[in-house]
Amino acid sequence: MTGFGWQLEVRPHPQCRHRTTQDTGRSSSYPQVLSTTQGSEQPGQQCLSSDPTQIQARMGSPVHRVSMGDTWSRQVHPDIESERYKQTFDVERLTNILDGGAQDTALRRKVESIIHSDPEFSLKDNYFLTQSECYEAAVEKKFHLQMLAQRQGWAEDSREAYYAYRTLSGSLGFSLQHIFLKALRSLGSEEQIAKWVPVCNKFQIIGTYAQTELGHGTYLQGLETEATYDAATQEFVVHSPTMTAIKWWPGDLGRSATHALVQAQLICSGARQGIHAFIVPIRSLQDHTPLPGITVGDIGPKMGLDHVDNGFLQLDHVRVPRENMLSRFAQVLPDGTYIKLGTAQSNYLSMVVTRVELLPGITAELQKACVIAIRYSIIRHQSRLRPSEPEAKILDYQTQQQTLLPQLATAYAFHFLARSLLEFLHDSHDAILDRDFSLLPELHALSAGLKAMVSDFCTYGAELCRRACGGHGYSKLSGLPSLVTKVTASCTFEGENTVLYLQMARFLVKSYQRTQVSLGPTLQRSLPQSVAYLTAPDLARCPAQRAADFLHPELYTMAWAHVAARLTKDSVHHIQTLMRSGADEHEAWNRTTVIHLQAAKAHCYYVTVKSFTEALEKLESEPAVRQVLRRLCDLYALHGILTNTGDFLHDGFLSGAQVDMARTAYLDLLLLVRKDAILLTDAFDFTDQCLNSALGCYDGNVYERLFDWAQKSPSNTQENPAYEKYIRPLLQSCRSKL
Amino acid sequence: MNPDLLRERAAASFNPELLTQILDGSPENTRRRREIENLILKDPDFQHEDLNFLTRSQRYEVAVRKSANMVKKMREFGIADPDEIMWFKKLHLVNFVEPVGLNYSMFIPTLLNQGTTAQQEKWLHSSKGLQIIGTYAQTEMGHGTHLRGLETTATYDPETQEFILNSPTVTSIKWWPGGRITVGDIGPKFGYDEMDNGYLKMDNYRIPRENMLMKYAQVKPDGTYVKPVSNKLTYGTMVFVRSFLVGEAARSLSKACTIAIRYSAVRHQSEIKPGEPEPQILDFQTQQYKLFPLLATAYAFQFVGAYMKETYLRINEGIGQGDLSELPELHALTAGLKAFTSWTSNAAIEACRMACGGHGYSHCSGLPNIYVTFTATCTFEGENTVMMLQTARFLMKSYDQVHSGKLVCGMVSYLNDLPSQRIQPQQVAVWPSVVDINSPDSLTEAYKLRAARLVEIAAKNLQTEVFHRKSKEVAWNLTSVDLVRASEAHCHYVVVKLFAEKLLTIQDKSVQAVLRNLCLLYSLYGISQNAGDFLQGSIMTESQITQVHQRVKELLTAIRPDAVALVDAFDFQDVTLGSVLGRYDGNVYENLFEWAKKSPLNKTEVHDSYYKHLKPLQSKL
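The listed protein sequences derive, respectively, from chains X and L.
Just so you know, numbering that gives the first Met the number 0 puts 116 at position 117 of the first sequence, and the rest follows in order with no gaps.
Just so you know, numbering that gives the first Met the number 0 puts 382 at position 383 of the second sequence, and the rest follows in order with no gaps.
These aren't lab readings, by the way, just hints derived from the structure by calculation.
The C-beta atom is built at its ideal place from N, Cα and C for all residues, glycine as well.
Be a bit skeptical, because a hint or two may be false.
[As the list claims (entries may be wrong)] Partial chain L-side listing against chain X, Cβ under 10 angstroms, derived:
#	residue
1	Arg55
2	Met73
3	Leu92
4	Trp342
5	Thr384
6	Leu477
7	Phe533
8	Val551
9	Leu555
10	Tyr588
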């Protein structure tokens with residue numbers, strides 16, 4: 000658990016709720032936002048005007064867009080300007096759709112301009128700071144933001160607070176406070192919530208969430224920290240019995256937190272009751288020194304996330320009152336009687352919530368990486384495409400398109416995926432809190448598998464974007480290294496990805512096994528929606544006859560469903576075969592995990608393709624935007640097929656000739672998406688300050704900015720002690736006549 | 000010693016010492032390497048700072064001190080042989096990048112390659128002794144791999160017999176060269192903190208005529224230009240560096256595998272069977288599936304690296320005697336293999352890091368540092384896609400040659416066997432598909448067929464595009480995705496082939512058996528990951544692919560007992576690994592705690608920011 004506290008509220012914000020009630024009864028809040036928040040333009044009206052001032056007006060003010068505050072910003076580089084000249088779709092509409100409505104875009108921009116007008120929030124020097132300075136800068140920014148929020152009346156968990164967080168790329172301290180509160184709301188009783196939330200909001204205490212230990216992470220049952228109930232004093236004694244039980248990794252723990260929500264094995268009346276959460280004070284509220292029995296500190300330098308003080312915590316028989324155990328799902332009575340109020344899975348709810356809410360933030364990192372790499376690929380000219388012509392923009396090279404454009408498609412696909420999962424969470428969250436757990440298994444599986452997929456793909460994609468910028472992508476001033484090191488952390492925190500994929504696989508296998516035992520007419524209804532295809536009628540051969548057939552969402556959605564179903568069946572059969580030959584169930588499971596992984600990944604791909612096509616269906620009134628998004632959806636799906644052709648050829652679902660057709664369709668798509676590439680990156684509407692990249696600015700003035708920024712590096716402005724100490728003596732050791 | 004590691008080592012089926020000797024090239028090499036390493040380890044002047052706790056400026060300073068000290072020490076110990084220098088450097092620098100390294104890796108080799116005897120006499124001695132510190136300034140802000148696009152000008156002035164150097168535009172500013180003296184540093188980077196990669200802007204800067212390296216091309220005092228015999232010769236330095244980088248890919252990946260596999264043998268987690276103690280994570284099939292193919296890759300690249308080095312030295316002798324016949328293939332091979340091995344190792348090192356879970360993200364694991372240092376290889380000394388396309392150009396040339404009736408030789412000789420006149424790209428089913436998945440030779444054949452098929456498809460698609468469009472360059476661009484695939488398949492074939500051939504030279508039975516399993520795993524894993532290519536080309540059937548998947552899993556189980564011994568055989572010193580997780584003794588957790596306590600953030604009990612920001616915040620809200 001580290002410091003990615005993306006503060007996206009589960010519940011739609013008030014305006015969004017309001018709009019939902021205006022609608023005609025469709026259950027999700029998202030499409031209604033679109034249809035009720037039209038700006039001055041009519042639905043379907045296309046903006047093909049090429050008047051730059053009009054374009055400028057629609058795309059937000061120049062001040063908003065071009066804002067690094069340097070001299071080159073006044074002029075947009077002609078190479079990038081020409082890319083924006085011909086608009087086949089209205090970029091502003093797409094931005095609105097991504098934001099959830101024109102009002103949301105307006106609100107976000109308002110927050111951004113407030114933040115950017117205050118130099119205290121500048122991120123520009125971040126790349127020059129040491130770990131300690133980074134931490135301090137993040138705490139300082141958090142302080143200023145709290146002051147600002149108070150002045151502006153931005154509530155905790157408001158839209159504005161979320162936008163502020165996004166604007167600052169999360170370079171803020173105390174982000175675990177948010178996770179602490181989430182867990183408290185999920186696992187705490189109403190009295191506990193009423194007691195602790197207000198003091199958190201006023202920063203009277205700073206909370207962190209301490210689950211991971213030195214020896215154990217994702218495997219919750221293996222945690223060693225103990226909380227033993229002492230009925231005599233009505234206290235829990237929280238203790239780290241071994242070296243490996245030391246809490247390790249929690250963000251904000253190293254230097255900041257005053258309280259930790261400690262996950263520990265509950266022991267009461269001599270019986271072990273499993274993992275429960277306890278609020279443990281760790282630092283003095285008077286002088287911030289560690290309390291008796293507490294050994295706490297920072298775990299040292301990491302690959303990235305320098306601004307987060309991930310910490311360790313060793314507990315030596317620390318006593319906390321009985322009331323500090325979170326008791327929504329389980330209670331310990333004063334006499335030590337243990338009462339269970341929920342299922343074993345209820346403890347997972349806070350993790351589920353956290354994982355789902357991570358997705359938009361992880362996706363945003365890939366989106367930013369695409370913006371930077373694609374804009375740079377327009378400015379960068381290298382080598383020639385035709386001997387007589389000037390050097391070509393590198394985005395015109397097929398290999399560069401093949402590297403970047405599928406990543407752009409993925410960035411869009413995950414946007415819609417995250418949104419649909421948030422909606423699902425929203426729809427099921429209240430029921431689960433009311434102890435109706437019927438949707439929890441599916442939600443748990445989806446949150447696990449999709450967290451794994453999104454973090455995997457975004458990390459891979461961001462790193463591809465970085466390398467696609469050649470050597471300059473290696474410079475921190477490109478913004479890409481810190482972006483990569485940040486997003487890659489998400490592959491191992493909040494559940495290691497392989498373990499998470501396997502959790503999803505377990506759900507797939509169980510669902511399929513259910514279909515095997517209970518064949519009947521009500522069967523399909525009994526399978527959760529996301530896996531209903533396991534029993535749906537399936538074609539053994541793909542019907543595509545020409546390349547264009549691969550540009551149909553029904554076709555590739557079906558293809559992904561086919562592969563996911565086949566791999567799930569393979570998993571089940573493999574387990575059965577092993578068990579027939581004498582292996583026990585657990586051994587058979589372990590020896591099938593490689594297939595489980597493939598099945599889970601194919602299922603995730605299917606879910607993503609499906610959520611993207613469903614989002615497209617809701618855009619009937621926006622044909623131009625829909626068309627451009629549709630291409631991205633096609634590209635995402637085909638890219639996946641072509642990187643896994645073996646899975647599709649394996650049982651003859653696709654023939655060799657069909658794979659070639661898919662490849663033709665894919666290569667043609669690259670050219671089409673290429674034309675809109677800059678507009679598609681503009682539509683994400685990240686400000687220059689938020690990107691914080693010399694390569695990715697809106698105006699395209701890459702080289703001037705890079706040169707200027709480099710000269711401000713401390714390595715140039717400070718003295719070079721190595722020269723006097725070592726270089727000069729060397730050079731003069733044998734005075735040369737050169 | 001950690002009991003798990005003790006048990007693992009006792010259970011190994013072979014003697015890792017013998018394998019170490021194979022990796023070093025001979026028992027004598029192993030002996031000498033260790034002797035040199037011990038010189039350093041026993042030297043009281045050798046200080047080992049943990050680079051993770053230093054700022055960038057401190058890292059640079061320490062690295063410069065180490066570099067300067069190293070010159071002195073190597074003279075003292077009489078170390079001059081290139082291999083011995085490398086062994087010495089690897090340990091002496093620990094994991095610091097050598098800030099004056101460009102002097103040795105680029106400046107001096109270029110001088111040797113392209114300088115006249117007189118020029119070498121003038122500059123070589125002082126640069127070797129670091130009385131001058133050389134760098135190599137090729138890359139500019141606006142141009143990297145595409146050499147002809149460079150904008151810096153050197154205008155000859157016959158009157159003064161000088162060249163006037165100019166940086167005419169912003170994009171022509173030299174960018175990235177290491178080892179600055181008076182110019183600027185380009186700022187913080189992903190890795191290479193110790194290296195002061197710099198910029199250099201020149202404004203009518205004059206240098207004497209003799210400073211142009213003139214072994215091949217020359218400018219006479221009157222300004223007459225004399226062309227070099229072959230313009231390929233100027234690529235000599237690059238070829239040398241690229242073949243060295245293949246070895247670096249192997250070494251970096253070997254380190255990452257050592258750390259991840261030792262840690263996976265020490266780490267216990269979760270359960271396979273309820274009620275039993277937590278198993279070592281190396282016993283999970285998914286963990287084996289993540290790591291063992293990478294271990295096999297590390298061995299494959301070790302052997303490729305050794306082959307490249309030998310080939311370079313052999314061909315280089317020929318070049319010295321004016322024989323340029325092998326240069327085109329060498330150039331094509333080093334470019335593609337540099338790209339292939341660095342891309343693969345890049346992803347593999349990251350996979351090793353992630354296989355260590357959260358602790359892999361901490362610098363205590365040593366893995367982030369290995370990664371950020373190594374990943375630069377993908378973009379420097381020739382961006383990888385461009386490298387792949389260089390190899391593709393050679394493959395297309397060879398294909399055309401075969402097509403016009405001439406035989407080709409070397410690694411591309413399989414193109415001679417193409418029944419290309421008879422078949423269409425999609426109709427390759429005429430090829431025999433009897434692949435024995437337990438025979439390295441047969442698998443080499445399968446990879447050969449895949450390479451041949453993809454080269455042919457690229458060639459035919461290129462022809463079709465040329466036919467439809469007038470410009471060759473446009474056609475090339477529209478086929479480049481296919482061309483890169485063809486190059487990758489060619490390189491993959493070369494690696495499989497070299498690994499299979501290496502097996503034949505191994506004497507010891509038990510070592511041969513374990514290497515054979517690794518070779519099979521490398522080959523079969525590659526097939527399972529690229530099954531589409533083998534199925535579509537009818538090189539293998541669907542049921543064979545199923546057998547391949549199954550055999551991969553069996554090999555994981557077969558390699559499992561030898562995994563720790565296989566990484567021990569790489570014989571890295573703990574200081575070189577720089578990893579708490581990868582320690583030879585396996586005492587991970589105690590040392591992790593000790594390491595963390597040294598973090599700069601723990602210097603005071605209460606951090607300054609509490610007084611500056613936190614207290615005021617609490618009072619104001």
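These are the hints, each one checked on the structure:
| no. | hint | result |
| --- | --- | --- |
| 1 | Arg55 | holds, 7 angstroms |
| 2 | Met73 | violated, 14 angstroms |
| 3 | Leu92 | violated, 14 angstroms |
| 4 | Trp342 | holds, 9 angstroms |
| 5 | Thr384 | holds, 5 angstroms |
| 6 | Leu477 | holds, 6 angstroms |
| 7 | Phe533 | holds, 8 angstroms |
| 8 | Val551 | holds, 8 angstroms |
| 9 | Leu555 | holds, 8 angstroms |
| 10 | Tyr588 | holds, 5 angstroms |
Going down the numbered hints, you'll see the structure goes against 2, 3, while the others check out.
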